[in-house]
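Chemist: These are the residues of each chain, in order.
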Amino acid sequence: MAALITHSSILIIAIPLVTAFLTPLIGMASKKARNALVIAILTFVAFLVFALARDISINGIHIYTLGATSPDLTIPTGFMVPVRIILEVDGMSILMGIIWSIVTLAAAIFSLSHIASETGQNRFYTLLLLMVAGGFGMMFTSDLFNLFVFLEIASISGAALIAFRTKFADTQEGGFKYIVVSAIASLMVLFAIGLLYAQYNLLNIGALAQVIQYTTPDKIALALLLIAFTMKAGMVPLHLWFPDAYSVAPASITGMLVITSHACMYAAFRVCFTLYGGMLDAPVVGWILIVFGLLSMFVGVTMAVFQKDVMRFMSYHAISQLGYMWVGVGVGLAVLGNPELVATYGRDAISGGVFHILNHAMYKPLLFFTGGALFHCTGTRDLTKMGGLAHKMKWTTILYIIGTLSISGIPPLNGFSSKILIYESVYQFHPILTITGIIVSILTLASFTKAFHSAFMGAELSEYKKVKEVPRSMIIAMVILAAGIVFITLFPSLIVNWTIHPAADALIDQSAYINAVTGAIP
Amino acid sequence: MTFILESGYAFWNPLIWIIVFIVVMVVVYFFRRRGQKKYKKDTAQARIFLCGEEVPEAEQRHIRVGNIYWGFFETLKEYYNQVLRPHTGIINDYVLWFVAATAISAIVLLIAGL
Amino acid sequence: MEHIPLNFPFLAAALLVGVSFYIIIFKRNLIKLIMGIAMLASGVNLFLVALGYRAGGGAPIYTDAPEGPMVLPVPQALTLTSIVINVAVLALMLTMVIHIYRHTGSLDSEKSRKMKG
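So the protein sequences, as listed, match chains A, B and C.
Numbering-wise, the working numbering puts 260 at position 260 of the first sequence, and it's gapless, one number per residue.
Numbering-wise, the working numbering puts 111 at position 111 of the second sequence, and it's gapless, one number per residue.
Numbering-wise, the working numbering puts 4 at position 4 of the third sequence, and it's gapless, one number per residue.
Just so you know, the hints here were simulated from the structure itself, not pulled from any lab data.
On a predicted model such as this, the values are computed, not experimentally measured, just so you know.
Using N, Cα and C, we set each Cβ at its ideal position, and we do this for glycine too.
Where hints are given, some of them may not hold.
As the list claims (entries may be wrong) - Under the rule of at most 27 Å between Cα atoms (straight-line distance), these lysine-lysine pairs were calculated in the DSS-like manner:
id, chain 1, residue 1, chain 2, residue 2
1, B, Lys41, A, Lys392
2, B, Lys41, A, Lys465
3, B, Lys77, C, Lys114
Claimed, not checked - The calculated label-pair distances, taken between Cβ atoms and stated as ranges, are:
id, chain 1, residue 1, chain 2, residue 2, range
4, A, Lys392, B, Lys41, 47 to 57 Å
5, A, Lys167, B, Phe11, 34 to 44 Å
6, A, Ile439, B, Lys41, 37 to 47 Å
7, C, Gly68, A, Asp509, 37 to 47 Å
8, A, Ala446, C, Lys116, 19 to 29 Å
Next up, chain A with everything else stripped away, as it sits in the complex (with noise of 0.2 Å):
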């Protein structure tokens, strides 16, 4: 068990590489065989994911060298920086990797039964399974480098999974749009990591967090990595793709996309807060956060009021929510060169920040498997075909209004712990930013009272006598998600000060990545 704690962050990333390649080898043999390997690996790299947190909250940073003699060599004997690859797990990447691994299980039962009709399906878990290689891989590296590698691991498979249904138009024209835009992001990541490789010649977050100065080619450099990674995640002004391509994706891959966003929201952070650290203009571009973050917000709110296709509808949502977190990490941005305002109000807006990841990560993905649930049963995303649907369709009415009292911040659900949390800290730094959270709050909420009405209320529709209730597979993965919601209601404070705050603290502090890194010699 200890050995399976040591090595555990590389079989995290390499058990679902491996099987990705296995599946269709089995599934030739037989389609049940394939679909239980699917779900069993899956769980247990998520029972390798808690072991892990529960290692890492016991013993500090989780610090694995590829290819060295021991995990913990992470500088090799002459050398004076490190120079293989690392993988470094703190509070923060394993935050991630909690979401990461609860959204791809629920993912993969979910499609068990949606895309069942669909041929191909062991292309389609073959994808699903690298993409989540991919996503893992992001939030536990921290080489440059290989951080670029998981980035375009992630996008290919994912935009592959946006077109896997050819037979329809739009499928196509989003996932060409996703990967055009994946494409021109991760080539000016790699740009910009030759500039930052050109002065110091090194490609470890922790090893170039030492020595970084605050140059030019630093600053445009800085300027490249913010804006790819913020174009990825889904904010204004660059957020066009992200209705496009995500709402005409199986509604499994919605839910696993909505997380890979989240993950390039942490990549942003982790070059924020831990590669510049304090070495870059804090104010500035905590500003530069905060300003896009109340952009995304209201326009993404806005947007969605206006739409008549429920995925595209709740897309927007998603980007309104991600304006949340960008304007709470912002402001903790913005104040980090003061001590005294981080600890008055600074740690608890990344902790709103923080805690609003992880409640989206529950609550958006269901919502988006409740739109494929209404896509599954009716055959159109289109709202203005939809009616009375509630009388058939009870379970998925009930997870749908747990999740709309979740997105809108009603009490006590779990949406409402993290934006108190986002508006008490938030407001001490300027009071519009607080004001706008409220109105968007309230617009959310009129916007999923609209949809609720025109999809399941009113009298059961002629050509909808049919209908009957999603299948059973649907259902549990929906129900996985809200269990999570539930407990995250009963219990915030538990789950602050297990992940959320060290997760925050992670971020403020770089010293102990740096010295996880730097440290360790042999």
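Following the hints, put chains B and C in place on chain A, whose structure we already have.
Modeler: Using the frame of chain A, we list chains B and C on its own:
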């Protein structure tokens, strides 16, 4: 102690909220029990009255999503015309926004350091 | 070799990146868009290889190495990885353009779009 979440100013306790909610629901239930019990369910007492007009079938009464919140959209029509203009759907515009945002943030970061 | 200034590869990479962004932003044909992305990839790869050059350096191979400095090997490894990734990305993009053409009959980015707003 595990139920209370501290934020900077105040605290949030979901257990107390749930208990208050249950108490209020019990009070509401007792109010409802004291209401009118004698009404005839399927006669003209329970039907919709529309000033003597014909009431359409339940299916046709369902308001579709394009018509909900009409007043909100009428009032904000100019805002929506402006905000819908960048949302063209053409992929070239998406990359143009990316280049513009990178250029502006690079200039802002370079100027702020001077 | 002495007449070419050391900055020349960087200028060439900047020119490639600039022209490719012009192509991606202003050309409506989807195939030309993909060519623009391929050119962007070439520009970034050229930048990566060029930044590893050390004046007078030879190939970074230890067997029978001549005396003198060597160029940096790490950017060459990064470039190889990037070339392979871009091959996969370009193949995926071309497949999607084939499907878009089959469904909508047009290769224009404005005429073949179905989603806006």
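Chemist: Against each hint, give a clear statement of whether it holds in the structure.
Modeler: Outcome of the hint check:
A C-alpha spacing of about 24 Å is found between lysine 41 of chain B and lysine 392 of chain A, which places the hinted pair at or below 27 Å, so the restraint holds. Of the supplied pair hints, the one linking lysine 41 of chain B and lysine 465 of chain A holds, its CA atoms being roughly 26 Å apart against a limit of 27 Å. Between the alpha carbons of lysine 77 of chain B and lysine 114 of chain C the distance comes to roughly 23 Å, so the proposed pair stays at or under 27 Å and holds. For the pair lysine 392 of chain A and lysine 41 of chain B, the supplied restraint of 47 to 57 Å is violated, since their beta-carbon distance comes to about 24 Å.
At roughly 54 Å, the beta carbons of lysine 167 of chain A and phenylalanine 11 of chain B sit outside the given window of 34 to 44 Å. Between isoleucine 439 of chain A and lysine 41 of chain B the Cβ separation comes to about 43 Å, which falls inside the hinted range of 37 to 47 Å. Between glycine 68 of chain C and aspartate 509 of chain A the CB atoms are about 45 Å apart, so this pair conforms to the stated range of 37 to 47 Å. Remark: the range hint 19 to 29 Å for alanine 446 of chain A to lysine 116 of chain C is upheld by a beta-carbon distance near 24 Å.
Hint violations for this structure: numbers 4, 5, all remaining hints satisfied.
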